[in-house]
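Novice: Listed below, chain by chain, are the residues.
Protein chains: 2
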Amino acid sequence: MPNQSRVIIESIYPQIEGGLHPISCIQNEIISVEADILSDGHDVMAANLCFKHEKESVWRQVRMTPIVNDRWMATMQLEKQGFYEYKIEGWIDYALNWQHGIERKIEDGQKVTSELLEGIEYIDAIFSKCTEEERVYLERLKEYFHQADQYEKAIKEAVSHRLHHIFSQFPEKFLVNESAPLKAYCDREKARFSTWYEFFPRSASQTPGQHGTFKDCELLLPRVAKMGFDVLYFPPVHPIGEVNRKGKNNTTTAQEGDVGSCWGIGSQYGGHKELHPQLGSVEDFKSLVQKAKELGIEIAMDFALQAAPDHPWVKQHPKWFKWRPDGTVQYAENPPKKYQDILPIYFESEDWKNLWDEMLSTALYWVEECDIQVFRVDNPHTKPFYFWGWLIAEIKKKHPNVLFLSEAFTRPKIMHQLAKQGFTQSYTYFTWRNDKQELMEYVNELTQTDQRYFFRPNFWPNTPDINPWALQGNMESVYLQKYFLAATLSSNTGIYGPVFEYMQGAALPGKEEYLDSEKFQIRHWDWNIENKLTTLITKINQFRRENKALQQTNNIKFLNIENDKLLGYYKYDQHRENEVICVVSLDPYYSQKGMIQLPLAELGIPQGHQLKVQDLITNSSYIWNKEWNYIELHPVLPFHLFKIHK
Amino acid sequence: MPNQSRVIIESIYPQIEGGLHPISCIQNEIISVEADILSDGHDVMAANLCFKHEKESVWRQVRMTPIVNDRWMATMQLEKQGFYEYKIEGWIDYALNWQHGIERKIEDGQKVTSELLEGIEYIDAIFSKCTEEERVYLERLKEYFHQADQYEKAIKEAVSHRLHHIFSQFPEKFLVNESAPLKAYCDREKARFSTWYEFFPRSASQTPGQHGTFKDCELLLPRVAKMGFDVLYFPPVHPIGEVNRKGKNNTTTAQEGDVGSCWGIGSQYGGHKELHPQLGSVEDFKSLVQKAKELGIEIAMDFALQAAPDHPWVKQHPKWFKWRPDGTVQYAENPPKKYQDILPIYFESEDWKNLWDEMLSTALYWVEECDIQVFRVDNPHTKPFYFWGWLIAEIKKKHPNVLFLSEAFTRPKIMHQLAKQGFTQSYTYFTWRNDKQELMEYVNELTQTDQRYFFRPNFWPNTPDINPWALQGNMESVYLQKYFLAATLSSNTGIYGPVFEYMQGAALPGKEEYLDSEKFQIRHWDWNIENKLTTLITKINQFRRENKALQQTNNIKFLNIENDKLLGYYKYDQHRENEVICVVSLDPYYSQKGMIQLPLAELGIPQGHQLKVQDLITNSSYIWNKEWNYIELHPVLPFHLFKIHK
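Chains A and B, in that order, are what the protein sequence lines are.
Counting along the first sequence from 1, when you hit position 593 you're at 605 in our numbering, and nothing is skipped either side.
Counting along the second sequence from 1, when you hit position 183 you're at 195 in our numbering, and nothing is skipped either side.
Since the hints were derived computationally from the structure, they do not count as laboratory data.
Incorrect hints may have been included.
The list cannot tell twin chains apart, which means a pair is met if one copy fits it or any two copies do.
Said to hold, decoys possible - Here are the computed lysine-lysine pairs in the DSSO-like style, where the Cα-Cα straight-line distance is at most 27 Å:
1. K195 x K425
2. K99 x K195
3. K185 x K365
4. K350 x K523
5. K165 x K123
6. K334 x K285
7. K64 x K227
8. K227 x K260
9. K305 x K92
10. K350 x K123
11. K123 x K349
12. K123 x K560
13. K117 x K260
14. K410 x K64
15. K195 x K67
16. K334 x K123
17. K168 x K334
18. K305 x K331
19. K298 x K408
Predicted model, so just to flag it, every value in this text is computed and none were measured.
From just these sequences and the hints, can you work out the full model?
Specialist: Shown next, in the form of structure tokens:
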């Protein structure tokens with residue numbers, strides 16, 4: 013069926029894969045939407061950006077404005093959590109077109125008597141929608157337009173702003189065209205701004221040699237809160253397999269008393285819906301979650317879909333594993349790496365629907381029973397993408413608050429696809445980005461390309477799996493730099509705590525893995541440690557809470573500094589009410605100096621305007637009144653966090 | 013319904029507006045198609061590019077190969093005219109994955125007895141599809157795989173190329189996933205390679221003062237053919253309106269004997285399905301079309317959807333025009349420009365379906381009655397885009413040979429949209445691109461962006477509507493440059509003939525319009541003119557016919573020359589069997605010299621390789637054995653057309 017409309021709407025931005033995936037937003041974030049909107053001929057056009065929440069039936073409308081070259085723009089602000097649709101409608105505005113035409117003819121000196129009569133038709137069409145006052149005005153206009161002796165008044169009013177305003181308010185959308193609706197997903201604020209801390213509950217005891225418990229964890233909450241962390245993430249807390257349990261430092265055979273890897277889930281004590289007996293009861297866990305909540309901390313659980321050989325699933329649901337001709341299940345393996353304590357789930361199973369349902373039921377159990385709102389998902393890239401798309405959507409339908417962090421240190425497109433399927437946040441390559449150039453390129457890729465609309469980074473300097481080369485030197489200046497970079501470049505950040513604060517970079521020889529890793533054994537930490545690093549982490553976290561510019565990742569512009577060891581960037585909140593400039597020295601050994609260029613256009617100030625920049629860390633202030641300003645940093649305090657006062 | 017497949021297929025390239033519009037191809041053109049294809053985990057994957065003609069039911073399949081970073085590629089060659097669909101299917105190849113896994117375990121020194129037993133399952137699954145010879149081989153393998161004493165032979169054959177080859181041939185596409193199909197439209201060769209000549213039939217008489225006829229046109233065909241043109245385009249040949257007819261030089265009132273603008277179509281003698289009586293009968297016209305065909309020339313008609321006030325449509329179909337309250341129809345106007353001799357068609361009409369049908373019927377009449385295969389469409393950008401999409405598709409359904417050139421010198425996105433709706437070729441901004449930088453930027457935009465897949469340029473140095481500033485100086489060197497640029501940068505090119513050959517740039521003062529334009533009056537030309545310009549046009553056209561590199565537009569790379577007045581480019585056919593280098597001086601006054609850099613990588617030759625470049629225009633050859641080579645051009649012959657001999 014051909015379409016009589018004269019309006020074309022194309023190249024809507026943003027959109028992900030032609031609208032297959034939603035764009036990611038945060039409640040109250042301002043989203044700019046652009047499109048090519050065009051018509052044949054030269055008639056006056058108008059367009060609306062329309063959007064509505066999945067639970068609303070009426071589209072909200074914002075009038076779009078042309079920018080340049082048939083490109084139009086409008087902004088929308090999504091208020092509720094959940095899915096939205098947005099679309100664009102465009103039409104020829106015949107009334108405004110009439111007004112525009114008559115104006116040009118009058119300028120050309122033509123007599124427009126017939127055109128005035130046409131105008132009456134446009135007035136009649138909208139008359140009933142107008143206010144009493146407007147009707148009085150329009151009645152008068154109609155008289156002028158009819159009467160030859162009122163011609164001068166008629167042509168003056170025909171082109172008036174007032175008539176333009178009335179026509180604009182009540183467009184006749186004849187032959188309107190509209191785009192196919194696109195999707196957006198709107199998350200709560202925490203999706204964009206979160207500060208994570210990770211430790212192993214079994215190392216939480218204050219008594220050396222003793223297995224930590226949820227009650228021990230409770231005692232540590234005030235410290236975590238005081239340091240400014242608001243998500244506390246625990247590696248798996250489920251029963252740990254006893255068959256093929258790993259020994260210390262990933263040895264194949266566990267010795268008496270070895271606790272095994274907590275990612276080898278499932279034993280005689282139960283599986284993914286149970287807790288490891290030595291950590292405590294479900295009541296203990298619930299109490300911990302609530303105590304944390306009172307301190308502003310959300311507990312994040314690890315969602316690790318795999319089974320120890322003695323997981324109850326293996327007997328109850330043999331179809332969920334792939335059996336080999338010799339009657340065994342192949343353990344997880346990536347030769348020469350072997351995970352004898354872990355059986356992978358067989359997602360090709362003919363019983364896949366029950367399998368998916370049980371996975372969903374597992375996650376829902378912790379959400380609904382224990383008030384868990386955040387999951388860190390282990391190795392999501394080894395389970396089908398569509399499975400995640402389905403599972404996350406099902407959970408969000410009932411519990412839109414629930415957030416998912418994707419642990420996928422893998423190929424970029426795999427990580428992107430997980431984000432497109434609904435993961436709220438993702439680990440990134442930040443952990444391995446050290447030089448100025450590679451940091452800038454990486455952050456620009458995350459924030460200045462399509463990725464900003466679907467991939468939400470979370471920057472971790474370290475994790476239990478990754479003890480990066482840069483941290484293995486145990487240099488305080490490097491730990492300071494890395495935390496500052498993570499916490500100011502990205503609004504979502506996290507550390508694997510005690511080992512980082514202790515600056516304990518001891519590694520397995522030649523590997524980016526921790527020696528005596530807590531993955532395989534209990535460690536004892538002095539949980540009262542306070543050092544320069546913890547003090548500065550606390551301060552940085554405080555300034556993150558106090559400065560909206562640091563509570564988002566995408567509004568960033570790198571600044572010119574003619575020194576390869578000095579990295580500078582300007583960040584701002586969406587209203588530009590809060591603006592900061594960060595400068596970091598990447599040199600762990602020597603002091604570095606250089607001139608930094610202010611982003612005058614972004615700051616909206618002319619050359620020579622006087623600016624006060626206040627270093628929040630030291631509370632020292634500088635007056636800058638030139639475009640280029642002197643900077644010097646020493647490894648002893650290798651960064652400035654300048655708040656800008658105009 | 014969730015999807016159990018593990019394979020994701022996204023970001024297919026090329027595609028236009030998410031598959032809404034087809035990509036444009038030419039018969040037998042090789043099209044590269046790429047996509048992101050990925051799966052969870054690390055299993056071995058495979059993918060096919062599938063395509064089929066609209067009249068075929070079976071998909072043809074080409075195995076794709078991974079390039080880099082989860083990007084895959086394959087090529088397709090579309091043979092028939094008409095619409096194609098193409099899509100991608102991807103799957104985990106379990107048999108190959110088994111082979112890959114066993115190979116890694118063997119390398120790791122593991123005993124793979126159980127894995128060999130699994131292998132038998134994969135062999136059994138494909139056994140029935142294999143040849144007799146392959147079956148004998150597979151039977152032997154199964155024996156080895158079973159028997160402990162044949163272990164060494166078993167593991168050797170398990171990882172063999174032969175088994176890999178057999179598995180690759182017959183993939184088990186378990187849980188295959190496929191993309192939504194995209195569209196391609198395949199045109200005949202002429203859509204990509206055409207050389208147009210335009211003249212006004214009414215100026216075709218050899219006798220001064222006499223109105224030209226189709227019979228006069230017939231006499232001119234041999235000259236047009238000899239000069240190497242293969243499309244002869246006539247402005248409208250329909251009855252010309254007598255009401256409000258324009259006089260010479262676009263004056264409002266015609267004098268006695270004035271012939272009017274041939275774009276003011278329709279009079280007492282009929283409308284769009286009739287011919288102007290002074291030009292001759294429909295038999296004369298048919299004869300002309302056939303005579304042209306014998307000489308390898310296709311006659312292109314002008315399809316101009318508008319009506320003179322005395323067009324029969326105005327009385328027969330008053331609803332097809334917009335009537336004003338004073339009972340008149342508003343003539344076409346863009347104040348202060350007025351077209352009193354032209355009434356625009358009212359596409360918003362409630363009778364729009366009959367209107368559309370009549371337009372279609374008009375075009376079909378000329379195709380079916382007179383064997384017209386090419387239309388140049390006048391002002392398509394003032395009629396609805398969807399109308400064109402519908403009309404062109406309807407005609408192509410019955411007559412895929414028919415080509416449409418869009419006359420839309422307007423905003424870029426309007427021109428692009430017309431191309432997306434099905435126009436075969438489009439006029440371009442070439443007419444106003446003079447400097448080296450703007451020529452390079454414009455051609456790169458046309459050929460190195462998405463535009464290459466939907467917008468097919470036709471470069472015209474002049475038209476009856478545009479007498480560009482550059483040509484108004486009447487300088488031979490400029491005419492030579494412009495034709496060379498048009499004819500070698502673009503494989504579709506054309507000139508508005510006699511005025512160009514005569515180098516008659518006389519203009520209305522201060523305008524890019526011809527003085528005494530043939531749009532409004534008959535001109536008399538010496539149709540036997542032969543000058544340096546016509547000689548070189550003839551030569552250039554000959555070399556276009558002889559060199560496939562010049563028969564396409566997209567395979568171009570601009571070459572470095574350290575001189576702003578010298579423009580150099582390398583072009584090649586899709587098999588790189590024919591390669592040329594063009595160099596043009598843009599300086600009409602002085603000689604210019606510089607060093608040109610060869611594109612060694614594209615030529616596939618090392619530094620120091622000896623190359624013979626043969627200037628086809630002068631037939632002088634040069635031996636180049638360095639990467640940078642000396643060039644010097646003088647306005648007397650301001651270009652080289654080098655054929656490359658390796």
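Novice: Look at each hint and say if it fits the structure.
Specialist: Outcome of the hint check:
Taking the shortest alpha-carbon separations for K195 and K425, both the intra-copy value of 21 Å and the inter-copy value of 25 Å come in at or below 27 Å. Taking the closest pair of Cα atoms, K99 and K195 come within 27 Å of each other both inside a single copy (9 Å) and across two copies (24 Å). Proximity of K185 and K365 under a CA criterion of 27 Å is satisfied inter-copy only: 20 Å between copies versus 47 Å inside one chain copy. In the homo-oligomer, the alpha carbons of K350 and K523 lie at most 27 Å apart inside one protomer (16 Å), although the nearest pairing across protomers, at 79 Å, exceeds that limit.
For a Cα distance limit of 27 Å, the shortest separation of K165 from K123 inside one copy, 14 Å, qualifies, whereas the shortest one across copies, 100 Å, does not. Taking identical chains as interchangeable, the C-alpha atoms of K334 and K285 lie at most 27 Å apart only when both belong to the same chain, with a minimum of 22 Å there against 73 Å between chains. In this assembly of identical chains, the alpha carbons of K64 and K227 never lie at most 27 Å apart, being 45 Å within a copy and 66 Å across copies at closest. Taking identical chains as interchangeable, the C-alpha atoms of K227 and K260 lie at most 27 Å apart only when both belong to the same chain, with a minimum of 25 Å there against 99 Å between chains.
In the homo-oligomer, the alpha carbons of K305 and K92 lie at most 27 Å apart inside one protomer (22 Å), although the nearest pairing across protomers, at 67 Å, exceeds that limit. Taking the shortest alpha-carbon separations for K350 and K123, only the inter-copy value of 14 Å comes in at or below 27 Å, while the best intra-copy value is 89 Å. Taking the shortest Cα distances, K123 and K349 sit within 27 Å of each other only across copies (16 Å), while inside one copy they are farther apart (88 Å). Taking the shortest Cα distances, K123 and K560 never come within 27 Å of each other, neither inside one copy (59 Å) nor across copies (59 Å).
Only between protomers do K117 and K260 lie at most 27 Å apart by alpha-carbon distance; the minimum there is 25 Å, versus 89 Å within a single protomer. For the homomeric pair K410 and K64, the shortest alpha-carbon distance inside one copy (19 Å) is at most 27 Å, but the shortest distance between copies (44 Å) is not. Within a single copy, K195 and K67 get their C-alpha atoms as close as 13 Å, which meets the 27 Å cut-off; across copies the closest is 35 Å, which misses it. Only between protomers do K334 and K123 lie at most 27 Å apart by alpha-carbon distance; the minimum there is 19 Å, versus 86 Å within a single protomer.
For the homomeric pair K168 and K334, the shortest alpha-carbon distance between copies (25 Å) is at most 27 Å, but the shortest distance inside one copy (83 Å) is not. Taking identical chains as interchangeable, the C-alpha atoms of K305 and K331 are never at most 27 Å apart, the minima being 39 Å within one chain and 71 Å between chains. Taking identical chains as interchangeable, the C-alpha atoms of K298 and K408 lie at most 27 Å apart only when both belong to the same chain, with a minimum of 21 Å there against 70 Å between chains.
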